[in-house]
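One line per chain: the protein sequences are G and H, in this order.
Per my numbering, the first sequence starts with residue 1, numbered consecutively.
Per my numbering, the second sequence starts with residue 354, numbered consecutively.
Read the hints as simulated data drawn from the structure, not as lab findings.
Treat the hints with care, since some could be wrong.
Stated by the list, open to error - Per the computed footprint, the stretches of chain G lying under chain H, defined by three or more beta-carbons under 8 Å from a beta-carbon of chain H, are: (1) 41 to 52; (2) 111 to 123; (3) 128 to 135; (4) 173 to 187; (5) 332 to 343.
As the structure is a prediction and not an experimental result, all values here were calculated from the model.
We treat Cβ as the ideally placed atom computed from N, Cα and C, and that holds for glycine.
Number of protein chains: 2
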Amino acid sequence: MNWENNIRRVVPYIPGEQPRDKDVIKLNTNENPYPPAPGVEKLLKDFEKATLRLYPDPDSEELTKALAEYYGLGPSQVFVGVGSDDVLAMAFLTFFNSDKPILFPDITYSFYDVWADLYRIPYKTCPLDERFKLRVEDYKQDNGGIIFPNPNAPTGVFEAVEFVEDVVKANPDVVVIVDEAYIDFGGKSCLPLLSKYENLLVVQTFSKSRSMAGMRIGFAMGNEKLIGYLKNVKFSFNSYTMNRTSQVLGVEAVKDDAYFKACNAKIIETREWMKVKLQELGFTFPDSLANFIFAAHESIPGKVLFEELKSRRIFVRHWDKPRISDYLRITIGTKEQMDALVEALREIVTAHR
Amino acid sequence: MNWENNIRRVVPYIPGEQPRDKDVIKLNTNENPYPPAPGVEKLLKDFEKATLRLYPDPDSEELTKALAEYYGLGPSQVFVGVGSDDVLAMAFLTFFNSDKPILFPDITYSFYDVWADLYRIPYKTCPLDERFKLRVEDYKQDNGGIIFPNPNAPTGVFEAVEFVEDVVKANPDVVVIVDEAYIDFGGKSCLPLLSKYENLLVVQTFSKSRSMAGMRIGFAMGNEKLIGYLKNVKFSFNSYTMNRTSQVLGVEAVKDDAYFKACNAKIIETREWMKVKLQELGFTFPDSLANFIFAAHESIPGKVLFEELKSRRIFVRHWDKPRISDYLRITIGTKEQMDALVEALREIVTAHR
Chain G
1 MNWENNIRRV VPYIPGEQPR DKDVIKLNTN ENPYPPAPGV EKLLKDFEKA
51 TLRLYPDPDS EELTKALAEY YGLGPSQVFV GVGSDDVLAM AFLTFFNSDK
101 PILFPDITYS FYDVWADLYR IPYKTCPLDE RFKLRVEDYK QDNGGIIFPN
151 PNAPTGVFEA VEFVEDVVKA NPDVVVIVDE AYIDFGGKSC LPLLSKYENL
201 LVVQTFSKSR SMAGMRIGFA MGNEKLIGYL KNVKFSFNSY TMNRTSQVLG
251 VEAVKDDAYF KACNAKIIET REWMKVKLQE LGFTFPDSLA NFIFAAHESI
301 PGKVLFEELK SRRIFVRHWD KPRISDYLRI TIGTKEQMDA LVEALREIVT
351 AHR
Chain H
354 MNWENNIRRV VPYIPGEQPR DKDVIKLNTN ENPYPPAPGV EKLLKDFEKA
404 TLRLYPDPDS EELTKALAEY YGLGPSQVFV GVGSDDVLAM AFLTFFNSDK
454 PILFPDITYS FYDVWADLYR IPYKTCPLDE RFKLRVEDYK QDNGGIIFPN
504 PNAPTGVFEA VEFVEDVVKA NPDVVVIVDE AYIDFGGKSC LPLLSKYENL
554 LVVQTFSKSR SMAGMRIGFA MGNEKLIGYL KNVKFSFNSY TMNRTSQVLG
604 VEAVKDDAYF KACNAKIIET REWMKVKLQE LGFTFPDSLA NFIFAAHESI
654 PGKVLFEELK SRRIFVRHWD KPRISDYLRI TIGTKEQMDA LVEALREIVT
704 AHR
């Protein structure tokens, strides 16, 4: 029996650990420490259960409309999907269809090369500079498309809208995708560029700033033509993806803007406080405008810090990769969680002196 | 600006219409006319909203366990996804990786050729016989994999487990996928074959018999090795797909077996009654073991019937395709809905005499 000969074999991605224990301090997957908007609870209670027997609206019209209105766009400028991973994978498939390599940073979100391989898209990575900044000239070479997160992950480094405009303007023949998963924590969105450039696609998510990682909602914004192509590809092979509860709860999360802004402000405040504490403890880090800080200690290796924190039931993220193996990516939690983290780090740093 | 040159252009799939009016009788997408299990309502009411800020369990462990237990399998023999479309697409990508063409019927579920095209899998369709049955000798030629629904869609025709075994046995070098979306309406699942054959994958869904099309839950069952390959491919490019509400509600639907069986029995009873009525009205149809009947009238063209029913606010499914353009695919609804359909058909048939 040789059926195994024809199987696609891959190295599975290992996501950040999802410990089940409630007593763990979980700062490893950039989730929001605050619950979703209060209205979400009421909606779940009143959910018309009988509708679950019916397929969801394939267009997620209500959610699309709510997002379009919120961002001052037309409904045909918004595409929603099952988390931004789904949206980005679909965008790779739709827009990166050239024989030339697409470009993205060498240190960046770990799924870009995975999707490129999956869809047989050639790619080339561009090294970040010594301060973990993107170098604009790298993105002016011949290419089949460009993608980068802004702020970048896992560095947290934000590039100004002028940088984005420079790249988009220099590449009129390809689509430039800006992955703004972390834009709501102090960065400035490049959305205003949509009215000037046809080749720009902006992707955002409900998983971070909208406290809904558990609901899997992501979305892309661009001009009508761009979004139309994306929808055609999506509908050509799967009509029904986002389920009814996500469609309904997503609308509610967009509506409650005051709550959204208050949570983001709290996270920003905690982050800025944490930066001071980290410096006091001997850490350095590129300045972050995300809901995490990417920090390295002056003398203790990243792997050691990671393990020591884990033994104290505090989970952060660490990669055994060139250039970044001494860094920890620390999600900004509640003030109480960060107090506990600072205490633990103080112990570890003291013990290693 | 030439960015449009590199875009993937496709013909978008047109799903069955999803009319929003509540007064419509919707018999066009094979949804279940009964609501999900009563326990689902309670779960939604009591849902721990704060957990929505966290990513879902990537393995959907609770749901996987519930399904494994229900079907008498080990948890490592079950893979869950966002509807069976998601599961099937992933199975195509994982298992149909040969240069030889995969085989499926010429009249069948309309996404098989779409996924084959998407993943550049060569394929060959095998014509159904004049009674819309699969011909076993067609599936004994050299191939890179086999897939068919059982019962087949849109015909509703069921092939005996012996037929499935014959095909699986004759093809030890490839994976055979049996898409049992409609198996709970009187057909006999080929699941018992899993203990005898390594190369069989059985796919089922919550969208039909479990009244949860709106939640997007599908699953595959096979031996550990087969399921392991499928998981590796899935996790290699998207860790978090099924959201938290689907994971929780899905378990509840599996638990309430009495409700599940009672709903299916009602649908079967209504279908058998409907067969008699259709015959009285001059329709012919292959015998169906699904939650729909694929019927053609002795003198009125399918398109005419479709339009006439639509003008009476009754939606069924019709395809303008060779061999089946005179057929309507009629979902089995409640007895009341079918009464209204019979009444409407009687009017139309009388007017066309």
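Hints violated by the structure (listed by number, smallest first): 3 and 5
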